[in-house]
Amino acid sequence: QEGIVPSAWTGGFGNWDAQSKDLNSLIALNADTGFEWRKEAIKIDIECIRILPNDSKIGKLILARLLMAEEAMISDVAVKGVHYEEILQLYNDLMTLDPSHVQYYKDEHSVALLHKVTSSTESLSRHLFRYKNMDNIVCL
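The opening position of the sequence shown corresponds to residue 3 in my numbering, with each subsequent residue numbered one higher.
Bear in mind the hints are in silico, worked out from the structure with no lab data behind them. Mixed in with the good hints, there may be bad ones.
Said to hold, decoys possible - Here are the computed lysine to any residue pairs in the SDA-like style, where the Cα-Cα straight-line distance is at most 25 Å:
1) K118 with E88
2) K82 with F37
3) K41 with L90
4) K59 with I44
5) K118 with I64
6) K45 with E73
7) K82 with R40
8) K82 with G36
9) K108 with Q91
10) K82 with M70
11) K59 with D47
12) K82 with R52
13) K108 with S121
14) K118 with Q105
15) K118 with V79
16) K118 with Q91
17) K41 with L115
18) K118 with L69
19) K108 with E72
20) K108 with D95
21) K118 with D95
22) K118 with H129
23) K59 with H111
24) K45 with S58
Stated by the list, open to error - Label-pair distances were calculated between CB atoms; the ranges are:
25) R128 with A74: 18 to 26 Å
26) E38 with P101: 36 to 44 Å
27) T123 with E49: 27 to 35 Å
28) E49 with H129: 30 to 38 Å
29) E87 with T123: 15 to 23 Å
Predicted model, so just to flag it, every value in this text is computed and none were measured. Note that beta-carbon positions come from the ideal geometry of N, C-alpha and C, so glycine has one too.
Work out the full structure, taking the sequences as your base and the hints as a guide.
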């Protein structure tokens, strides 16, 4: 084994410069394509899960998680937050349907509520107050 020297195979290929604009364009294209593919896959999964019976615990849990994932991917401020009421209701339903995991559902409900409140300036502004003689904003 000591006398064996690995041969370099290049076949006319060279290393790709990490700073190459072509490489950066390829990475950006792949990221955009991957992002759109993921968004579409989540939408399809949401449609499939909605077919399950209304009393399905696993269906409600998966739907809540998929809706949270879709919310995380929404970049348009005008539509951001459209799923939070449904997500909160799903976790409320799960607390009733599956009391043995109620603490988990409460935790997830809290996370969804926090996302709902902080998802837009409008929803956050309802929780911000200003003292009359001060310029500082206080969140209560």
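(request) Assess, step by step, whether the Cα of K82 is no farther than 25 Å from the Cα of R52, and give holds or violated. (result) 21 Å, holds
(request) Starting from K45, check that the Cα of S58 is at most 25 Å away, please. (result) 19 Å, holds
(request) Quickly compare the C-alpha distance for K118 and L69 to 25 Å and report which way the hint goes. (result) 12 Å, holds
(request) Mind checking the alpha carbons of K118 and D95 for me, to see if they're no more than 25 Å apart? (result) Cα-Cα ~18 Å, so holds.
(message) Quick check: does the Cβ-Cβ distance between E87 and T123 fall within 15 to 23 Å?
(response) 19 Å, holds
(message) Hint check: K118 vs Q91, CA-CA at most 25 Å. Holds or violated?
(response) 13 Å, holds
(message) Just to be careful, I want the Cα atoms of K108 and S121 compared with a cutoff of 25 Å; is the pair within it?
(response) Holds, at roughly 19 Å.
(request) Would you mind confirming whether the straight-line C-alpha gap from K108 to D95 stays at or under 25 Å? (result) This hinted pair holds, its Cα atoms lying about 11 Å apart.
(message) Run the distance test for K118 versus H129: straight-line Cα separation, threshold 25 Å.
(response) 12 Å, holds
(message) What's the verdict on K82 and M70, does the C-alpha distance respect the 25 Å limit or exceed it?
(response) 11 Å, holds
(request) Could you grab the alpha-carbon distance between K59 and D47 and see if it respects the 25 Å cut-off? (result) Judged against 25 Å, a Cα distance of about 16 Å means the pair holds.
(message) For K82 and F37, compute the direct alpha-carbon distance and say whether it is at most 25 Å.
(response) Answer holds: K82 to F37 is near 17 Å, not above 25 Å.
In this structure, every one of the numbered hints holds.
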